[in-house]
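Asker: These two chains come separately, so use the hints to put the complex back together.
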Amino acid sequence: DAGITQSPRHKVTETGTPVTLRCHQTENHRYMYWYRQDPGHGLRLIHYSYGVKDTDKGEVSDGYSVSRSKTEDFLLTLESATSSQTSVYFCAISDSGSPGANVLTFGAGSRLTVL
Amino acid sequence: GNSVTQMEGPVTLSEEAFLTINCTYTATGYPSLFWYVQYPGEGLQLLLKATKADDKGSNKGFEATYRKETTSFHLEKGSVQVSDSAVYFCALSDGSGTYKYIFGTGTRLKVLA
Numbered sequence: 001d002a003g004i005t006q007s008p009r010h011k012v013t014e015t016g017t018p019v020t021l022r023c024h025q026t027e028n029h030r031y032m033y034w035y036r037q038d039p040g041h042g043l044r045l046i047h048y049s050y051g052v053k054d055t056d057k058g059e060v061s062d063g064y065s066v067s068r069s070k071t072e073d074f075l076l077t078l079e080s081a082t083s084s085q086t087s088v089y090f091c092a093i094s095d096s097g098s099p100g101a102n103v104l105t106f107g108a109g110s111r112l113t114v115l
Numbered sequence: 001g002n003s004v005t006q007m008e009g010p011v012t013l014s015e016e017a018f019l020t021i022n023c024t025y026t027a028t029g030y031p032s033l034f035w036y037v038q039y040p041g042e043g044l045q046l047l048l049k050a051t052k053a054d055d056k057g058s059n060k061g062f063e064a065t066y067r068k069e070t071t072s073f074h075l076e077k078g079s080v081q082v083s084d085s086a087v088y089f090c091a092l093s094d095g096s097g098t099y100k101y102i103f104g105t106g107t108r109l110k111v112l113a
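So the protein sequences, as listed, match chains A and B.
Just so you know, the working numbering puts 39 at position 39 of the first sequence, and the rest follows in order with no gaps.
Just so you know, the working numbering puts 68 at position 68 of the second sequence, and the rest follows in order with no gaps.
If we strip away everything but chain B, and leave its shape as in the complex, we get (with noise of 0.2 Å):
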């Protein structure tokens, strides 16, 4: 079945650092990627998406690109901010059902000033 693995957190960076989190798929067909990001207190909202392969989705100086042959959609950042301490979702739709979203497990990013 379709399924999402991403890096277990809690990530904690320096303010101005380089961020990277791994998000691998499975999915039969051809998906469309996401990632969503949690703020503390709130629900999910979209931060950016992909919707074929080589693909980038890009948003608030966030990117992530599709990429079908390491079926991988790494979330980066070049420099984080304290405002960017979150949880971030990987997730896919992969087209055969409205309901077919599938969530990865989230991971928490602490930015310390």
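Isolated chain A (complex conformation) (with noise of 0.2 Å):
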């Protein structure tokens, strides 16, 4: 999708051993997100982040952690990733905090499998 970019899109990975998810954008938006999306469930939020440094928790945040120390990328890490973290991960970012205003704007999503 213009202006974010997920990497790497495909991973297939071994239960225990880390993993990075990267997502870049080049819209300067202040807001960042990450969801997974699995049958069922439709999206929930992991971790999002609302500027530089600033990171918060979201529903279904256990066994992950996120940084942020630019503005354009938003990193999601599996410190050690588990069968039950088999699922499709799509960053979103907007540019406003405001429920009205707020549109996300989605990656193409990174399909993870542990193994």
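Keep in mind that the hints were calculated from the coordinates and are not lab data.
Every value quoted in this text rests on a predicted model; they were computed, and no experiment measured them.
Think of the CB as a built atom: it goes at the ideal place given N, C-alpha and C, for glycine as much as any other residue.
Warning: the hint list may mix true and false statements.
[To be verified] Covered, in the sense of this in silico footprint (three residues per stretch, anywhere, with C-beta under 8 Å from a C-beta of chain B), are these stretches of chain A:
{"no.": "1", "stretch": "41-54"}
{"no.": "2", "stretch": "104-111"}
[Claimed, not checked] Listed below are the simulated DSBU-like cross-link pairs for lysine-lysine, each with C-alpha atoms no more than 35 Å apart in a straight line:
{"no.": "3", "chain 1": "B", "residue 1": "LYS56", "chain 2": "A", "residue 2": "LYS57"}
{"no.": "4", "chain 1": "A", "residue 1": "LYS57", "chain 2": "B", "residue 2": "LYS68"}
{"no.": "5", "chain 1": "B", "residue 1": "LYS110", "chain 2": "A", "residue 2": "LYS11"}
Answerer: Structure representation (structure tokens):
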């Protein structure tokens, strides 16, 4: 998607290994989010950021950490991957915190398989 | 807590049929409501939104009206095309924090030629 890229797009890893997913934006948007998408659950928020070095937990943050050292990059780390973290991960950005204007722009997703 | 409930799919229609995908919500205060669409292999993208009661969002022939009395935001289209085949997500943003964006589970639509 224009302005937001995720890497890697696909990854297969073993249980217990660390994994880092990267989200890069060129829109200079303040807010960045990591979601996971699973059948029957829709999208669930993992972590979000409201500025450089300002992050907070979402509803399913256990087992995940994030970092944002630059406006354009938001990293999601699985310190020790488990099979329950097999999922499709989406990064999203927005330039407003107000609910009516808070339109999310999503990346294309990163499919992670933990064996 | 806040929640969004949408009809389970898949929904299979013939081309030019009328589409309705039901969405109801539970929220405190005055949320904004959204429909996002996900085409195969892609991320979600905004389809339409409504920010207050009785507002109607519309885009690409799709419409949805924010009904506070029935806490609903049903998606409709008068004549679907094969290219509308996708997964549709209803969502709300309740305004209590930038992260309070709640998604429904998604409804897969398949349109047959």
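Asker: Straight-line Cα separation of LYS56 of chain B and LYS57 of chain A no greater than 35 Å?
Answerer: Roughly 33 Å separates the two Cα atoms, so the pair holds.
Asker: Report holds or violated for chain B covering the stretch 41-54 of chain A, Cβ cut-off 8 Å, minimum 3 residues.
Answerer: It holds, with 7 qualifying residues against the three required.
Asker: Take the stretch 104-111 of chain A, compare each residue's beta carbon with every beta carbon of chain B, and decide whether three or more fall closer than 8 Å.
Answerer: Answer holds; 6 residues pass the 8 Å Cβ test.
Asker: Is LYS57 of chain A close enough to LYS68 of chain B, meaning Cα to Cα at most 35 Å?
Answerer: Judged against 35 Å, a Cα distance of about 30 Å means the pair holds.
Asker: Within a Cα-Cα threshold of 35 Å, do LYS110 of chain B and LYS11 of chain A meet the stated pairing?
Answerer: At roughly 29 Å apart (the allowed maximum being 35 Å), LYS11 of chain A and LYS110 of chain B satisfy the hint.
Hint compliance for this structure: every hint is met.
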